[in-house]
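Asker: Protein chains in written order, with the numbering used here: chain A, 1 to 648; chain B, 1 to 349; chain C, 1 to 140; chain D, 1 to 343.
If you're looking for bench data, these hints aren't it; they were derived computationally from the structure.
Only a predicted model underlies this, so the values are computations on that prediction, with no experimental measurement involved.
Warning: the hint list may mix true and false statements.
[Stated by the list, open to error] The calculated label-pair distances, taken between Cβ atoms and stated as ranges, are:
no.: 1; chain 1: A; residue 1: K83; chain 2: D; residue 2: L202; range: 22 to 32 Å
no.: 2; chain 1: C; residue 1: Q126; chain 2: B; residue 2: K110; range: 35 to 45 Å
no.: 3; chain 1: C; residue 1: A111; chain 2: D; residue 2: D335; range: 21 to 31 Å
[What the hints assert, rightly or not] The calculated SDA-like cross-link candidates involving lysine to any residue, where the alpha carbons are at most 25 Å apart (straight line), are:
no.: 4; chain 1: D; residue 1: K217; chain 2: B; residue 2: P294
no.: 5; chain 1: A; residue 1: K514; chain 2: C; residue 2: S109
no.: 6; chain 1: B; residue 1: K209; chain 2: D; residue 2: A126
no.: 7; chain 1: D; residue 1: K74; chain 2: B; residue 2: S300
no.: 8; chain 1: A; residue 1: K228; chain 2: A; residue 2: L612
no.: 9; chain 1: A; residue 1: K602; chain 2: D; residue 2: D323
no.: 10; chain 1: D; residue 1: K128; chain 2: D; residue 2: I146
no.: 11; chain 1: A; residue 1: K507; chain 2: C; residue 2: G71
no.: 12; chain 1: D; residue 1: K257; chain 2: A; residue 2: E130
no.: 13; chain 1: D; residue 1: K67; chain 2: D; residue 2: G18
no.: 14; chain 1: B; residue 1: K83; chain 2: C; residue 2: N139
no.: 15; chain 1: D; residue 1: K74; chain 2: B; residue 2: V263
no.: 16; chain 1: A; residue 1: K2; chain 2: D; residue 2: K257
no.: 17; chain 1: A; residue 1: K288; chain 2: A; residue 2: P366
no.: 18; chain 1: D; residue 1: K70; chain 2: B; residue 2: V263
Glycine residues also receive a C-beta, built at the ideal position from the N, C-alpha and C atoms.
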Amino acid sequence: MKKTGVFICHCGINIAGTVDVKKVAETLSKYPGVAHSEEYIYMCSDPGQNHIIEAIKEKNLDNVVVSCCSPSLHETTFRNACKLAGINPFLCEIANIREQCSWVHKDMEKATEKAIKITRSTVERVRRNEPLEPISVPVTRRALVIGGGIAGIQSALDLANSGFEVILVERSPSIGGHMIQLSETFPTLDCSQCILTPKMVEVSKHPKIKLMTYSEVQEVSGYVGNFKVKILKKPTFVDPDKCTLCDECTKVCPVVAPNEFDVGLTGRRAIYIPFPQAIPASYTLDIKNCPGLLPIACGKCADACEPGAIDYDMKPEMVEEEVGTIITATGYDLYDKEIMAEYGFGKYADVLDGLQFERLLSASGPTGGKVLRPSDHKEPKEVVFIQCSGSRDPELHCAYCSKICCMYTAKHAMLYKHNVHDGQAYVFYIDIRSGGKDYEEFVQRAVEEDGVLYLRGKVSKVFEENGKIKVWGVDTLTGKHVEIDADMVVLAMAMRPSKGMDELAKKLKIAMDKDGFLSEAHPKLRPVESVTAGMFLAGAAQAPKDIPEAVAQASGAAAKAVTILSQERLFHSPAVAAVSVNLCTGCGMCVDVCPYEALTLKDGKAEVNEVLCEGCGTCAATCLRAAIQTRNLTPLQVHEMIKASVGG
Amino acid sequence: MEKILTKQSFPQWVKKLKSYNVYAPVKNDKDNHWNYETIDMNDPNVLDSNYLNTVLSPKKIIFPQREVFLEFGSQNEEGYDIKATLPDEELSVFFGVRPCDARAVALMDKVFSGDFEDVYYWKRRKSTTLVGLACNTPPSQNCFCLSVEGSPFSKEGLDILLVDLGDRYFVDSLTEKGDQLINVAKEIFKEPGEKDKSAVKKAQLDSEKEINRQIKDIKEIPLKLKEMFDSSFWDEESLSCIRCGICTYLCPTCHCFDISDEVIATSPLKGKRVRTWDNCQFPDFTMHSSGHNPRPDKASRLRQRTLHKFQYFVEKYNHFMCTGCSRCVSKCPVGIDIIDVLNKVNHYE
Amino acid sequence: MAEEFEPKIVAFLCKWCSSAGSDLAGVSRMKYPPNVVPITVMCSGSVSPLYILSAFKEGADGVLVSGCHPGDCHYIKGNYYARRRIALVKKLLEYIGLEPQRFQMSWVSAAEGKKYTQIIEDFVNQLKPLGSQTKLRRNV
Amino acid sequence: MVNLEDLKMEAKRILDEGRVKYIIGYQRGTNGVMSVPAFIKKPEDVEKLIWDPTCIYNLTRFLVDEKRRKARQKEPDQRPVGIIAKGCDTRAIVVLLQEEFIKREDVFVFGISCENTGVLDEKKIAEKVQGKKVKKVEFGENKNFIITTENGSIDVSAKEVLAERCLECKANYPVIGDISFGEKVASGLTQPFLSLEKMESLSGEERWRFWEQQFNKCIRCYACRSVCPMCYCEECVVDTINFAVTADTSAEEKAQKIKWVEKSPVTSENFIYHLVRAMHLAGRCIDCGECERVCPVEIPLRFLNKKLEKEAKELFDYDVGFDPEKPSLVSCFKDEDPEDFIR
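Just need the whole structure built from these sequences, with the hints factored in.
Answerer: Structural data, given as structure tokens:
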């Protein structure tokens, strides 16, 4: 029989005050298999630990039980002590006789009896523990960042600057995301493009960053430290190295398509560069709109291209990459126009969403920065801004607050006034949420300096009447019905996870919350991690965010990723599930219940991926054949623990 | 000695047997099954001669499914404290034992004596008196005692054989135990007349006519089986076997057992060593701890059961280990029929 | 006078919530009866029906299974499987006539030391009038 | 009405075409009126096949044997096995498919509709004929059986002699089938768990006394387990040693063997055995009633297993044995699963 050593801690009077430690030690010394049993005032102290180490050496004990405080406090301490004494740390278990015994009882006799039972059952467990070594896996020291918006850019740069290779995947032809579309940013009103483009260039020039635009992640397999990713590179039909940006191709292209960059306020050709500062600086031929790749069909652009950069035979290409961690920064889209028809969005040309208005304000925009009505290019004198268009509306739309609208609406109204000095800006709002450095002051400036008129209430109706857009609403503060003949209406549309993120989340096996944003591992303590080890979240993909927050989280995610990438190997608790192949009938119930997809069926038998397994044991309880058990907490161990806890 | 006892006075006899545990087949109305149970002495019709086979033969009491051999416990660190537990010698009497079941007891007697006397078995056996009841009509449509050296009026293994003659029993005491039992209430027994004896003979002939299932040329079977050990016959016959234990547990002659320690507590050590029935149809019956199983499949287990009863036992004791009670035939969940199997054996080429 | 009956309770506590919760009860020096011996498992989802049955067989007068609140499971969803499995075990045990009070399940978070204390107190008080559990207790 | 000749014809055709290894069906037994399982290998043997109210068995059980046999063979015949299956039996096949114990292509199902009746209950018949020897039982034209004894035939309404499970049948027509025979008729089942009501109306103590009495009868012949198509574990909780032991099994692994249940047939051990079995059948038992039928001491096991079938339905809206694709009862959950019992 294995030799067990039992060490009872007084913890000063914390335990000895209610538990007769001498009696416990004495009783246990008679327990079958217990070769050594002693009590000591402070087991966790150096002398205490030495007692353990000496006892192990003298009586060459096989395993150890320390009856003391909760394992959450000193398990590691004592396991290390055992290691020093030359026995496997997993052959040491803690019997919690403080938090779960001495501290919660008064009656010494009964508390002692209970302490004995707890210790006994721990002895029964430990003597059946097997020595284990932490599972170690090599780490592929590269990272994948999905999404080339500000968050993705920031993460990529931070990782690259920490010396790790990064693959940055962006599905549109250029990185930059929504931020590149913005005019100026609150609360400092500095020009969005001016602050973003240098970062974009840095990305394109960075030796450690492999930029893959116009590409999409197709498949992800593997596990933390060792993911395999398949990325589809869509053909741009233009060779960026040859392209000189002469722009001759667009001149001859017969097709006009809505310009994504200007949110459809202007048009672009089938062959186009998203915007002048696009990275990579190259043209893209979008086949959806191109009359045909065959020269017979059109082929004008190819003829016009001096350097012969246009290659109609370019094919989609599947690139396989191996990475150690993945950061998802797929950002957001604005709420669908169609759904907000109640505010005439999509119906009236002069009802715009926030991003469109940003384009109107932007110097690089369709109007060169002048606020003009799309319908007739007249200057709007009365502009109504409607906040919470689709947000905070559990009945019809999104229940959540899109967070940034209060601020950018204030900015819009402010910039509009700077643009149209004699104009009037109205803002319908539910509340103003301006938490954040200098945010509240910014809103106040809009009201006080720029005379923006804030109306607390919801808009009931928006309709066109003789050239004006009538906006009916209620000012809940005065209780009066408000009617405004507006020239332009700007809707602060709700933020949604970017389109197609749900499929991506499935591929990545990252959970999504009820609103479709990516779920973090813990709302407070693990805000940038996903539940899947090695996968991190950045930016608006996780929840609506403004730029500073997105950047902060992006850097946070990068830092988290570094904690993995900076290791040669990862170590993982070895107390994982193990399959008895002979008993397994391959029913796959364990596969169904495993939260980590650590179990798979291979040739009709369950197989554990020890790296993915967290050792929760749900599979073991589900298995009808008793074909799976978790190491060092097997049914046999529990069975014996039960006996020792109630028996006698 | 031979006597006559009227059915009216039968209960008086039973009442006199105060020093005995009296068992008789009792019908459980819930599941209308017959079982040997201790009976109510005051019940006038304790013995219903038309009763069907009991689920279990008297084996369930003479050779109980669970027998505690000894109790053990740790006395102190070094020594153990072991206490043998022998069955107490309560006298018991079984009324209405079917001749086939009585013969089965006789067969078990052979097994548990010989070179080694099984003290646990004999303690009970010696204190048991078996009062048989001849079968005027076979208690099961599959009865085949005639094929296996038995008869509905067989006396083997019995202390007394009762024959139901309508208003009275013909009482044939065969052993001392039997005489003792009668002497408890001498006065109520009468001497039999010639007509009684002839009535018994007639009843026997009538009854034997009614037994319409039989194993042909049974004498040939043992040798035949010997040749068939490696035959694929057993694969065929066992196809429908579901490896349950009904045939053997219900069999009045099957007597295989297992001995295991039932540990109640480890500290201080406390437990019992018990004998429980075991069963050659269970896969773990022959399972070695190495993982090797000499009887790995249903075929080899069906063969074992058949050969044990109709070859090995014959070789050792010169009897079939079967008394034709037909429990296994009637109760097999999938209708495996030993009569049919053996008849096939006879014609098997 | 005869000593009051003291029920024996086995409590299967998940490591992350319920065991932590009972630790908190200790840290906060709350008091509850010493009738319960905790067995810490990784997750309530790992509690097999066999554990519960054998606890009763080995002589437990009551059995408690306690895990994280739905949505809080350290292993994401183990407690949801536990909820299903335990519901069936409970129905079955009641069906064969075991007193319903003898088998209970609870959600106790790491912050609910008070709740744990309360649960144990009530459990013990419910068990006392029932006397010792003999129905499923080993009688070999 | 199912035409036996059609069944034989199709069976013969399939065997002739060599599409199946053999066909598991029903044939006349030698020990009484009841049918017994038949394993038809040769086309000419299809003449043995029968279909009448005595075809009670759930032959699905033999697919388990077949899988084991196949596993032992060096070069196994890969063709499927033909099986004659009633509605309830096909549900068992569905569960085996659901648990990936067998593959669809491993089995060729001759589905048989029970139409408006079902199969008989031996005891009920015995009572009907008052101990007379039953020679034959046949389906009548309208929900009746014709029972032939040595003194002539009697005609009884099927309802009076149907097996209990048939009175609560959930699938009188095959759920899956490669060829099916007989009409598809509406089951008209309104109270699938009627039989439980009486038991559930009892007090806890009454229920305990009932089950205690029942389980005390158990002689642990394990016929209930052996006959059950769902009890296909390599090793059962009551087995005394590891079946899974192989040459390379270490002593430690052997030592892992837990004695959850002692061999002694006493209350506590019998209870653990039957309760564990009930738990293992939760969401898997299709109520073929075989365990109850074969029990030599007549423990009403349907009452036990059906209880959890009912709970699965009422608590989790889970129906057993209809969809091979969906996860098993305890390997899935819904957010809204009841938790009123949890504190």
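Asker: All the hints need checking, so say for each whether the structure fits it.
Answerer: Hints, verified against the model:
no. : hint                           : verdict
1   : K83(A) to L202(D): 22 to 32 Å  : violated (59 Å)
2   : Q126(C) to K110(B): 35 to 45 Å : violated (58 Å)
3   : A111(C) to D335(D): 21 to 31 Å : holds (22 Å)
4   : K217(D) to P294(B)             : violated (32 Å)
5   : K514(A) to S109(C)             : holds (23 Å)
6   : K209(B) to A126(D)             : holds (23 Å)
7   : K74(D) to S300(B)              : holds (19 Å)
8   : K228(A) to L612(A)             : holds (15 Å)
9   : K602(A) to D323(D)             : holds (23 Å)
10  : K128(D) to I146(D)             : holds (12 Å)
11  : K507(A) to G71(C)              : holds (23 Å)
12  : K257(D) to E130(A)             : holds (16 Å)
13  : K67(D) to G18(D)               : holds (19 Å)
14  : K83(B) to N139(C)              : holds (19 Å)
15  : K74(D) to V263(B)              : violated (43 Å)
16  : K2(A) to K257(D)               : holds (18 Å)
17  : K288(A) to P366(A)             : holds (23 Å)
18  : K70(D) to V263(B)              : violated (39 Å)
Of the numbered hints stated above, those contradicted by the structure are hints 1, 2, 4, 15, 18, listed in ascending order.
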